[in-house]
Each structure stands twice: as C-alpha cells, then as structure tokens.
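Peer 1: Based on the sequences and whatever the hints tell you, model everything.
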Amino acid sequence: APAGGDGSYDVAVVGGGAMGSSIGFHLKQADEGLRVCVVERDSTYAIASSPLSVGSIRQQFSIEENTQMSMYTAHFLKELQHSYP
1 APAGGDGSYD
11 VAVVGGGAMG
21 SSIGFHLKQA
31 DEGLRVCVVE
41 RDSTYAIASS
51 PLSVGSIRQQ
61 FSIEENTQMS
71 MYTAHFLKEL
81 QHSYP
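Numbering (the working numbering), first residue to last: 1 to 85.
For the record, the hints were derived by calculation from the structure and aren't laboratory data.
All of these numbers come straight from a predicted model, not from anything done at the bench.
Glycine included, each C-beta is placed from N, C-alpha and C at the ideal position.
Zero decoy hints are in this set.
Pairwise CB distance ranges (calculated):
hint: 1; residue 1: Ser8; residue 2: Ser50; range: 21 to 31 Å
hint: 2; residue 1: Tyr9; residue 2: Ser62; range: 30 to 40 Å
hint: 3; residue 1: Ser53; residue 2: Lys78; range: 13 to 23 Å
hint: 4; residue 1: His75; residue 2: Tyr9; range: 25 to 35 Å
hint: 5; residue 1: Asp6; residue 2: Thr67; range: 41 to 51 Å
hint: 6; residue 1: Ala74; residue 2: Ile23; range: 14 to 24 Å
hint: 7; residue 1: Met71; residue 2: Ala30; range: 12 to 22 Å
hint: 8; residue 1: Ser8; residue 2: Ser62; range: 38 to 48 Å
Peer 2: In structure tokens, the structure reads:
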C-alpha cells in the first residue's frame with residue numbers, strides 16, 4: 001500500500017520488466033503525485049522476460065520513430081546510472 005494511503009493506486013502496471021518499469025518510472029516523472037504500482041511476479045528478475053530476452057537496443061534498419069526511441073533509451077540508461085547509483 002502507498003505510504004499513508006488507503007491501498008489504492010491511480011495506475012497499476014502489470015509486469016516490471018523493461019517496458020513496465022519504464023512506464024512506471026516515466027509516469028511518476030510526469031506527475032509525482034500519481035500513485036503508481038508496478039507488479040512483477042519475479043522480484044529477483046532471474047526468470048523475468050526482459051533479462052532473458054535476446055533483444056537489445058539498436059538504431060539500424062528501423063523507421064525513424066524506432067530510431068528516436070532507441071536513441072532516447074540509450075541516453076536514458078546512461079543517465080540512470082548517474083542518477084541512481
């Protein structure tokens with residue numbers, strides 16, 4: 001339950017992998033007052049789909065929008081290391 005809250009949330013994100021965690025993070029960045037709950041069945045991420053995926057961040061062979069998202073993601077991950085060591 002949220003600290004001092006009634007156990008309710010404004011947004012529930014199911015799946016805390018790369019996409020779900022990103023959605024939760026960016027929602028909170030956009031509105032700090034928003035009560036966001038990210039639910040992930042594997043809190044260790046040992047058997048979660050994101051770390052087991054063979055996918056990666058790439059900028060080639062894609063449409064412009066995908067290239068922009070990939071570039072943003074690469075920059076975001078670099079900055080994340082500095083903001084949350």
